[in-house]
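Chains as they are written, first to last, in our numbering: chain A, 1 to 195; chain B, 1001 to 1195.
FYI, nobody ran anything at the bench for these hints, they're computed from the structure.
Keep in mind it's a predicted model, so treat the numbers as computed, not measured.
By construction, the Cβ of each residue, glycine as well, lies at the ideal position given by its N, Cα and C atoms.
Keep in mind that a hint or two might mislead.
These stretches of chain A come out as covered by chain B in the derived footprint (C-beta under 8 Å, 3 or more residues) [unchecked claim]: (1) 26-37; (2) 105-111; (3) 156-169.
Number of protein chains: 2
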Amino acid sequence: MPRSVDHAECRRRIVRSVWSLIGRRGLAAVTMRDLTAEAGYADGGLSPYFRNKDEILQAAFQYAFPFDNTNARATTSIGDRGGLSALRQLCLEVMPLDEMRLQEACVGIAFADRAQCDVRMAATYRTAVGQWREQMRMYLRQARVAGEITTGRPDALVVDTLLTTLVGFQTAAVPAYPGMSAARQTQILDGLLGT
Amino acid sequence: MPRSVDHAECRRRIVRSVWSLIGRRGLAAVTMRDLTAEAGYADGGLSPYFRNKDEILQAAFQYAFPFDNTNARATTSIGDRGGLSALRQLCLEVMPLDEMRLQEACVGIAFADRAQCDVRMAATYRTAVGQWREQMRMYLRQARVAGEITTGRPDALVVDTLLTTLVGFQTAAVPAYPGMSAARQTQILDGLLGT
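Same shape as in the complex, but just chain A (with noise of 0.2 Å):
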């Protein structure tokens, strides 16, 4: 195998091993030597593939969201459905619904803070968003044609009030905002969604 390949096979691994570190213990509390040690290297072992916490907290949020986890999750829950019922099912999957998805929102909160003042992290941040965006867009088209939704507001809008709905869940949903539960952001949703 290439250098370039194995090196780029290794980041990968160690992020898979590490990402929900973050998620659980919160950016801030967690320090290099832990996310070595959980990655099963020994001190200083990850700095071929990371010189800080903050890259590896950009290859998790990519890891967590957009590219890997939460996009491989929709692609096999929607399967080949489309219109209305894709669209919710990828809003789903997208909100802190169960333990796995509150991991992947913690993760996402973290790289949102810093993405806020680092011209870097909010490139990543904008291609996840505009990635989710084009499919929503999608899937209203087909639910447009489908007739299943009719509201005169244009998909652009629609798409907004729901991409900014969901980064709402995941920032306040759990742990900081109790009564807000996955019952309560099914509600929300569907509200949203007028069904």
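Guided by the hints, dock chain B onto chain A, whose structure is given.
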């Protein structure tokens, strides 16, 4: 002035002078030394008032949000209005529509991130959200009586939907999420309020 009052006043003065630095530069990039310099103290001068960055963040959140900045502005701008108009105005004051509210949002997101894994911060967050929830429910009841809002959804669900959206605006609006301009945020709010 009794010593304890003096102490509390010093803390308030320090927070007033440093809170926006957290919003402008991001919590991770700001050191205790930066905060101490911004407050005009010599090195170590903040230690009688705050033990660490988290204590300053906690105070900055309380200053920026529930108890001072935002709510003082809302009290002024709402005046003696009630009902739908007051509900809308309260939301607008929380939304990151200008530079000041953007900085408040950055403090809010840094705090929400830390609150995911810190029991004390989570309690403060809940208190802040709880205050807004009560105020919004009051205005919503008035809006129902005046016939301004006629949705069949329960008040608590309407309020939770609005709160989730506000938190979403704060997290994702700007700079991580361009396109979510002030005009766009207002369109989304007005869509949710049915206005």
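Each hint, compared with the structure:
1. 26-37: holds (count 4)
2. 105-111: holds (count 3)
3. 156-169: Coverage by chain B holds here, the residue count being 10 at a Cβ distance below 8 Å.
This entry satisfies every hint, going by the numbered hints stated previously.
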